[in-house]
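Engineer: Single-letter residue listing:
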Amino acid sequence: MTDPILEVRNLSTHFFTDDGEVKAVRGVSFSVSPGETLGIVGESGCGKSVTAMSVLGLVQRPGKVVGGEIMFKGRDLLKFTKEELRNIRGRDIAMIFQDPLSSMNPVLRVGYQIDEAMYAHDKIPKDDVKPRGIDLLRQVRVSDAERRINDFPHQFSGGMRQRAMIAMGLSNKPDLLIADEPTTALDVTVQAQILELLRDLNEQTGAAIILITHNLGVVAGLCKRVLVMYAGEIVEEGTAEQIFERPQHPYTWSLLRSVPRIDASRGHRLLSIEGLPPDLIDLPQGCKFNPRCPFRVERCFSESPPIEQVAPAQHAACWVTMERAYAEMGAGTITDTSPGAASGVHPGGRTLPVAEVQAAIGGASGD
Amino acid sequence: MTDTVVAPAARITPAVEPLLRVVNVVKYFGAGVGASVKAVDGVSFDILPGETVGLVGESGCGKSTLGRLITQLIPVTSGEVYVDGVDITKLRGENLRQQRKQLQMIFQDPYASLDPRMTVGDIIAEPLVNFKMISGRAKDARVQELLRTVGLNPYFNNRYPHEFSGGQRQRIGIARALALNPKLIICDEPVSALDVSIQAQIINLLEDLQREFALTYLFIAHDLSVVRHISNRVMVMYLGKIVEVAPSEDLYTSQEHPYTRALLSSIPVPDPRIESKRRLVELSGEIPSPLNPPSGCRFHTRCPIAQVPGVCADVEPPLELKAAGHLAACHFSDQVRTKIAVTV
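Order-wise, the sequence lines are chains A and B.
Here the first sequence stands for residues 0 to 366, numbered as in numbering that gives the first Met the number 0.
Here the second sequence stands for residues 0 to 343, numbered as in numbering that gives the first Met the number 0.
Hints listed in this document are in silico derivations from the structure and should not be mistaken for laboratory results.
C-beta atoms are modelled at their ideal positions from N, C-alpha and C, and glycine is treated no differently.
Where hints are given, some of them may not hold.
With the Cβ distance kept under 7 Å, some of the chain A side facing chain B (calculated, not the full set) [stated by the list, open to error]: (1) T183; (2) E202; (3) T204; (4) H213; (5) A219; (6) R260.
Mimicking DSBU-like on lysine-lysine, the simulated pairs with C-alpha atoms at most 30 Å apart in a straight line are [stated by the list, open to error]: (7) A:K172 x B:K100; (8) A:K72 x A:K223; (9) A:K223 x B:K276; (10) B:K100 x B:K138; (11) B:K182 x B:K131; (12) B:K131 x B:K100.
Excised from the complex, chain A in its bound form (with noise of 0.2 Å):
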């Protein structure tokens, strides 16, 4: 196993506001290889864009990051002045964001854009930025590179504007590109574009991604390793097979079956997950789950599950785990995740103790 190009530890990131202390990050850790693809899925709140934040060093107040480590090759960023920490920022860690337009200068021409971070960084000889610039420009297929690149962001259409963002990121050939949701703002066709882009790059380039979505289709076609985190906490970590084929926490189990599949069977009913995520000011004790969690069990309700290991390379937070449930339930082994599959399993998306799914589902019902 090669060594980790980042490595973060234990990492937690508060909020403080009037209202009180939002513990949007807590206790998160993880590591990315060199040229892997990790996905960090969740909903919004559940703290997927704090990390990635941190991780650059770009929480501002009243946001801080209380505890940790993220180490960098060998070094804690969170030690580094801000001096530092800028030579590090868009040379070896790129960042993509979300908006492409709220995330360039309206009255600035795109390739003088692409050029700053070049220039910037000293990494790039001065006579090559902008040749690169235009050769990256086309890299992220603009078509007629050499004439756009004159062009001022608003003559972009939202999928050139993205890809220019990728150009940008892409300029210092950085070792980690982190993409915060950067298909979202974008329609089906121009996101497939995109995110076989990346995947063409991260092959290319070997730049490591984290790609940081609420979408599990997206995070499906691109990592090989995916992060689940609900509420400020990893749920589960494990290969992007054993996260959508054999999901061991309940809130990754259910993510999957509420989410309308375009190749699934029509007529099933989408498994709601009851109520909503916790107040980060005010989270209930136990697993931060437990009252949305069908399958919880009186432990739920007073301790915290730690992270443990359920199989080789996967790991999930819970006390019950997805294996033991259907065990107890008598339904056999996960077999199907997508929504309507082993139907009768579930309770039809009601909060019961795993002896009432158990009575609900009449014992050993078979999958």
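We have chain A already, so just place chain B on it with the hints.
Structural biologist: Structure of chain B alone, referenced to chain A:
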């Protein structure tokens, strides 16, 4: 301008009168001297009572404009919209107001579509008060009944919108739409602003309400997975025109229009094995401007199988029946599935 097309449902079951019949509706927005944005350009379809018809397309295709034309929130440039046999584009003032009771709308943004200074009770009761249908005690009772119907605590009627989450606000918007017992509800991107785990709650609620109150939906959204899940039939729009209408069951397995096939090939599914085999149908270029749409078939500039120069650039294909209940506007629909390879 295109020919009037009769939607397939009307042909299959002529005995049932459509609840909504849209005939050759056109909407041009003025854009300076001599120019106009052809937002909706000759659209015709029927919706039968109790049906859910989905309308999908990418941003700027005219789907939201079409929804607003059907409710007459904006006037049509030409064409007719029949609701229960009455052409509401010809109605004005009080007559239009009375006819509109049957049509309600659910909006995309649950934050912008509720007045922050009104209580939830007043918001839901506003349509009832507006039509002087109810007052006093009976009004409060009806509001509480509606709150219960959409799964909210009936005693929340004195609270304000800011006290609710996005999903709860969308439930309030749905309660308001139900207040007048409408026949047709136009849902314009009702779940796209909501979080994934909340989307399923609202989709399930809409399905339950349809069963309970025999509602008819026109479900407008850009997310084809959501649209296909909830709809009986799906209409695909491109640059102001409907290019394909298909029963939801058929849409995923058989497409008669290249645009629909491209759209389907770009929707990611949460399954890494399928994703690794995905082949994207590359559409060349960008969506053309609706100010000056391409000649002939509007999709010919991006179509992988278009004959240009030739019939695709010269002749506009009519929306016609290709299979049972399945309409498409393409000269070469028989080649769509053989010539455009995807994994789906």
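Engineer: Taking the hints in turn, state whether each one holds.
Structural biologist: Tested hints:
1. Taken as an interface hint, A:T183 does not check out: its beta carbon lies about 11 Å from the nearest beta carbon of chain B, beyond 7 Å.
2. For A:E202, the interface hint is violated, since its Cβ never comes within 7 Å of a Cβ in chain B; the closest pair sits about 13 Å apart.
3. The beta carbon of A:T204 is not positioned within 7 Å of any beta carbon in chain B (closest approach about 20 Å), and the interface hint is therefore violated.
4. Here the hint on A:H213 is kept, as its CB sits about 6 Å from the closest CB of chain B, short of 7 Å.
5. About 5 Å separates the beta-carbon of A:A219 from the nearest beta-carbon of chain B, less than 7 Å, and the hint is met.
6. Evaluation of the A:R260 hint against chain B yields a held restraint, the C-beta minimum of about 5 Å falling below 7 Å.
7. Among the hinted pairs, A:K172 with B:K100 is inconsistent with the structure: their alpha-carbon atoms are about 60 Å apart, more than 30 Å.
8. Between the alpha carbons of A:K72 and A:K223 the distance comes to roughly 21 Å, so the proposed pair stays at or under 30 Å and holds.
9. A distance of roughly 14 Å separates the Cα atoms of A:K223 and B:K276; the hinted pair therefore holds under the 30 Å criterion.
10. Using a Cα cut-off of 30 Å, the hinted pair B:K100 and B:K138 holds, with the two alpha carbons roughly 17 Å apart.
11. Between B:K182 and B:K131 the alpha-carbon distance is near 19 Å, which keeps this suggested pair within the 30 Å criterion.
12. Simply put, B:K131 and B:K100 have alpha-carbon atoms about 12 Å apart, close enough for the 30 Å limit, and the pair holds.
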